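Turn these sequences into a full structure, and let the hints guide you.
Line order of the protein sequences matches chains A and B. With the working numbering, letter number 83 in the first sequence gets 83, and the count goes up by one each step, no holes. With the working numbering, letter number 89 in the second sequence gets 89, and the count goes up by one each step, no holes.
Be careful, since some hints might not be right.
Remember, identical chains collapse to one label, so a pair may be satisfied in a single copy or spanning two.
Said to hold, decoys possible - Each computed BS3-like pair below joins lysine-lysine, with the alpha-carbon atoms no more than 27 Å apart:
(1) K106 x K43
(2) K69 x K43
(3) K7 x K109
(4) K14 x K43
(5) K66 x K118
(6) K69 x K92
(7) K7 x K102
(8) K118 x K14
(9) K43 x K82
(10) K31 x K92
(11) K7 x K66
(12) K102 x K118
(13) K7 x K92
(14) K82 x K92
(15) K82 x K14
These aren't lab readings, by the way, just hints derived from the structure by calculation. From a predicted model like this one, the values you see are computed outputs, not experimental measurements.
2 protein chains.
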Amino acid sequence: MTTKNIKTAERVFKALSDSNRLRILKMLQVKPMAVCEITSILKLAPSTVSSHLAILRDSGFIIDEKDGKWVNYRLTDEYIEKYVAELAPLFKEWLEDDPVIKNDMKQAKTVDRFVICKQ
Amino acid sequence: MTTKNIKTAERVFKALSDSNRLRILKMLQVKPMAVCEITSILKLAPSTVSSHLAILRDSGFIIDEKDGKWVNYRLTDEYIEKYVAELAPLFKEWLEDDPVIKNDMKQAKTVDRFVICKQ
DNA sequence: TCGTAATTTCGAGAAACAACGAAATGACAC
DNA sequence: GTGTCATTTCGTTGTTTCTCGAAATTACGA
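Written out as structure tokens, the structure reads:
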């Protein structure tokens with residue numbers, strides 16, 4: 001685990017302080033997803049989603065894995081950052097009752113990149 | 001506890017996403033403090049500190065208690081907000097090694113409003 | 001090789017935020 | 001009451017953040 005300092009804590013909490021990024025984390029709790037799949041659920045520009053994913057990656061919540069022309073993002077399981085290691089298990093239980101989150105997670109279950117992407 | 005929704009979560013994490021607010025929370029872990037005492041340690045304008053305290057209060061981390069011309073702020077112990085209730089115990093263990101935080105907490109131990117304030 | 005699709009990078013505009021000083025509020029002491 | 005001090009509110013300024021579209025990058029498939 002990296003050393004704990006105030007700048008790191010600030011970055012971690014900043015990563016969680018945007019509703020679109022919270023939605024992404026809850027979606028990835030369902031399964032790993034490609035950028036275009038997340039984009040289709042959030043209904044934002046691909047470049048915006050890519051930027052949100054970079055923020056979540058740089059703070060240690062998710063990692064990216066190349067898969068051909070796709071980039072799959074998934075929740076980290078080997079935590080580098082202590083704050084994330086302690087927050088992530090809590091966060092798994094949170095927001096389950098929010099209607100937007102519920103709908104996102106439902107869509108995440110069935111979204112199919114071969115149908116949704118390539119517009 | 002209030003209902004958990006995405007807007008509430010966003011507000012709670014936003015409250016924690018500023019280093020000066022993190023410093024305030026760690027100071028208040030030492031003891032309740034008046035605004036002018038916190039101001040003297042943070043070295044910010046009183047109006048700025050007041051604004052940070054309002055953000056922490058509105059997200060449920062701290063409460064204010066009038067004491068004559070002073071307003072004392074302290075950590076909440078009866079949590080209204082579920083997120084705060086789960087985060088606060090974790091947060092107590094965090095940032096203890098950060099040099100800025102260590103210095104803040106050391107100052108918080110001995111700061112005296114009758115000496116520091118009234119400038 | 002060429003075209004297409006997925007993703008990222010870059011630059012720009014709009015909104016949110018942090019900081020300040022000045023003015024307003026509330027409470028004490030004389 | 002009057003003055004003083006602690007705090008908050010308000011308006012302003014500079015910075016950061018969110019968002020987009022356009023362009024660059026990478027990989028697949030015809």
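Evaluation of the provided hints:
no. : hint        : in the structure
1   : K106 x K43  : within (15 Å within a copy, 48 Å between copies)
2   : K69 x K43   : within (21 Å within a copy, 51 Å between copies)
3   : K7 x K109   : between (35 Å within a copy, 24 Å between copies)
4   : K14 x K43   : both (22 Å within a copy, 23 Å between copies)
5   : K66 x K118  : within (18 Å within a copy, 61 Å between copies)
6   : K69 x K92   : neither (29 Å within a copy, 44 Å between copies)
7   : K7 x K102   : between (32 Å within a copy, 14 Å between copies)
8   : K118 x K14  : neither (32 Å within a copy, 35 Å between copies)
9   : K43 x K82   : neither (32 Å within a copy, 29 Å between copies)
10  : K31 x K92   : within (13 Å within a copy, 32 Å between copies)
11  : K7 x K66    : neither (29 Å within a copy, 33 Å between copies)
12  : K102 x K118 : within (26 Å within a copy, 53 Å between copies)
13  : K7 x K92    : both (24 Å within a copy, 17 Å between copies)
14  : K82 x K92   : both (16 Å within a copy, 14 Å between copies)
15  : K82 x K14   : both (16 Å within a copy, 19 Å between copies)
Consistency with the previously given hints fails for numbers 6, 8, 9 and 11, ordered from lowest to highest.
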